[in-house]
Amino acid sequence: MQANFTAGADTPKQICFFCDGDALQVLVAARDLIHMGWKLVHHPLYGNYRPHQQPYRSILLQREAENSGLSHEQNPTQDQSLNPAYQCLAPDPASLQLIEAALDVYRADRVLNPQQVPDVMLRDCSQLDYELMRLPLEQAGWEAA
Amino acid sequence: MAYRVIHYINQFFGGIGGEEKADIAPEVRDGVAGPGMGLAKLLGDKAEIVATIICGDNYCVGNQEEVGKFIVDTLKKYNADALIAGPAFNAGRYGMASGFACSAAAAAGYTTLTGMYPENPGVELYKANTYIVPTTDSAAGMGKALPVMAALFAKILSGEKLGTAEAEGYIERGVRINTFYEEVGAERAVAMLLKKIKGEPFTTEYKMPVFDRVTPRPGVKDLSKATIALVTSGGIVPMGNPDHIAASSARNYGGYEIDGVTDLVSGKYQTAHGGYDQTYANQDPDRVLPVDVLRDLEKEGKIGKLYHTFYTTVGNGTAVGNAKKWGEEIGKQLKDNNVQAVILTST
Amino acid sequence: MNLELHKVAVRQLAFGAKTGVSNGVLTVNKEELKALLLKDDRLAAVEFDLAHPGDSTRIMPVKDAIEPRCKLEGQGEVFPGFIGPVESVGSGKTLVLEGMAVLTTGRLVAPQEGIVDMTGPGAPYTPFSQTCNLVVVLTPREDIKLHHAEETCRMAGLKTAHYLASQCKAAKADHTESYDFPPLTQAMQAYPGLPKVAYVYMLQSQGLLHDTWVYGVDAKRTLPTLISPTETMDGAIISGNCVSACDKNNTYVHLNNPIIKALYKRHGKEINFVGVVITNENVTLADKQRSSSYAIKLAEMLGVDAAVISEEGFGNPDADLVLNCVKAEKAGIKTVLVTDEYAGANGASQSLADSCQEGNAVVTGGNANETIVLPPMAKVIGDIGQADVIAGGFFGSKRPDGSLEVEIQAILAATNELGFSKIGAYTI
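Protein chains in written order, with this note's numbering: chain A, 925 to 1069; chain B, 34 to 380; chain C, 2 to 429.
FYI, nobody ran anything at the bench for these hints, they're computed from the structure.
Since we're looking at a predicted model, the values are computed, not measured.
Positions of the beta carbon are idealized from the N, C-alpha and C atoms, including for glycine.
Some clues are possibly wrong.
[Said to hold, decoys possible] BS3-like mimics (lysine-lysine), calculated; alpha carbons at most 27 Å apart, straight line:
no., chain 1, residue 1, chain 2, residue 2
1, C, K266, C, K298
2, B, K240, B, K357
3, B, K228, C, K331
4, C, K335, B, K231
5, B, K231, C, K298
6, B, K229, C, K262
7, B, K240, C, K262
8, C, K298, B, K229
9, C, K331, B, K231
10, C, K335, C, K270
11, C, K335, C, K298
12, C, K399, C, K380
13, C, K266, B, K229
14, C, K262, B, K228
15, B, K228, C, K335
16, B, K240, C, K331
17, B, K228, C, K270
18, C, K423, B, K231
19, C, K262, B, K231
20, B, K74, B, K109
21, B, K332, B, K301
22, C, K270, B, K229
23, B, K110, B, K188
24, C, K94, C, K19
25, B, K240, C, K423
26, B, K254, A, K963
27, C, K266, B, K228
28, C, K335, B, K240
[Said to hold, decoys possible] Quick look at which bits of chain A chain C covers, simulated, 3 or more residues with Cβ under 8 Å:
no., stretch
29, 955 to 968
30, 1051 to 1065
Input sequences plus hints: build the corresponding full structure.
Shown next as structure tokens:
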């Protein structure tokens, strides 16, 4: 779903990647960013839904502003060699362990794809994902719209 | 009415031959063969070994789908109730084959049991799927192993619910089974805590797994000055596999000089790994051990240099104990020779 | 503080002209209760049904289970912050209608689970196959937001439970239980030879459908704190958790916390049960660190020798459980952990998402991934459409003969992590 969040006035700036793929792909993308030094804000396995029960998964990562390479003008998906967001810093061991444990859970189960979900449920699933991400987003400085 | 059992053994215990016959396809013999004779006597009138499958260890490990089907078809053909395999002692490939045979049969709904040395890689791979009786590490322990296997097998066949591994004499399978206890969980918890407080022995209901956690080292500060080594469990070896690193359950690793080697070419190097299709690795061994790319980076000044030795083993059914030992040995050699970082490739 | 629970036994439910209890039969005036609940205009409709132990009845999806209680004497009213005012509770006298439960059901979100079978192979897996159940079938209005729908259903359950008990105030108790909770100065010095034990009570607090309230405050927004066990008996802790039927703590189990019961049983004889620390299970890593440090600091301030730590939920709360355990053990507080397991269908996967070597004393409610086949029941109360969701593979599958093959995760309180049931697991 489109973010109902806007960046607060004096909060770190944010980018949002939408992953092409399922929840497992989101976790893999998060792992890759963790390898580059981004840290998890929250536990990747939030919610009491199993991989075959909830098609959506969102991961919030952060690092110090000067290494984030984020600005409204820059598109972080281009020119990766120049963008500080892609500069490799030492990975945070705690984030690494958590994301690998989450990947183990997802690899051991059938992963539900949004395409496999009836519309009425998709709406609910998306809303629940948003609700469970509320606290991490709030604490990271995003204000609910 | 005796239970009808198929016995699975390898080429050696089937009297066909040794290592040179490890590639034979599975065959069936009516009745018993090899250790099946002793086993049948011990099973007495409780169970009858109606047929024996003999299969080459390499063949089984390399053709699992076919062998699995053969085993299930044989079980059906003989109207069997169960499969017993081995015992495999510490023969790694035989352990994996026995474990696999039991898994295939279990998946098709048959009762199974095997026996092997606790460090046999077949244990880690298959203990979740079948009961495994611990044996000594060599066939000298056959006399001890068979009675235990027969007794436990008879118990399982009769439908008796087995207790814990400790109580029944099998290798703990690491499988959780639900049960209704006498007391509610809260009572069990407080009772357990009281014992713990008093320093009395207590048994936890769930053993927390202990992970051998390794803290990652900080990143290399300046790659352009660093010596990087290549180590692989993908089985890349000089052509001919001079140190005879086994295709699975490897007992050794090798270290080979690559001074002056800029590219691993087909015909000079090969893979010894039996756990993946060897075609592409044999076509270009750099695909598993990227010497060519590292040499490029060396030339471009991106890395200081590629270390003159690469280390290799086959990570297919490797005993964890061995992997740990070799890792420590290789690590020490690299460190003593001022290598800053190592790239580990697997498959 | 001292709380007396006046327990009136209910052995049968019936609908009738006047709500009240007599000779173990609770009669419910449907219309009166309906009118009460429909005062909340966020509800489009409400219906009632009854389910007794042994009936060929399936109730699903169950949102919450609540035991009817109300104050007879003493400050405040039960379910403070929701039914009662926010005044402290936990002293005086409280009426309990024992042997029954209010089960709320109704479509909140899809997918949704929570099965109670009153008979058959699924019955032993839920405590609510042993209670006489008044089922409140709720239909929230279509046009309201999800969190309002959840609140409406939550309130309806609490209102019903309170209403039923309030109509029975004159009934004579079949038996009475008395619970003392002295001031800490007394408690800490009492029974000098006995080990001091605290209960660290972890509450689910991740967000919508995963929340718990304490005196009406969202547990997500609190720091760990102390609470009297008698306050829990008056409903100071309310469940808003309706995901993962097997290990969500319904309001019923909060009211009847078996760990509190087990600790009281041994209090003054083998232990000095000094107090209860409630803590939360927020998803952010910073909150997990803060809450675990704070909760264990409170336990240290109580000077306890040991603590029982219970978890709610699975997956990320396993991290909180481990943090609480490690910090307690490091502080010299011996722990026993009460949790449940997700060891996979074959029981061979790692049961918890986290682990610590300090966790050497663990009791579990069993493997939630164990599958069971639930035969068709003559009657299904709730949202029949959920059966199709189940068939769609979210919580299991439907066989051609109409039976459901599900993991026990879908059965209400099947692997409860307060140790409510006898279910557990062992390793082969």
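Please write out, lowest number first, the hints stated earlier that are contradicted by the structure. none
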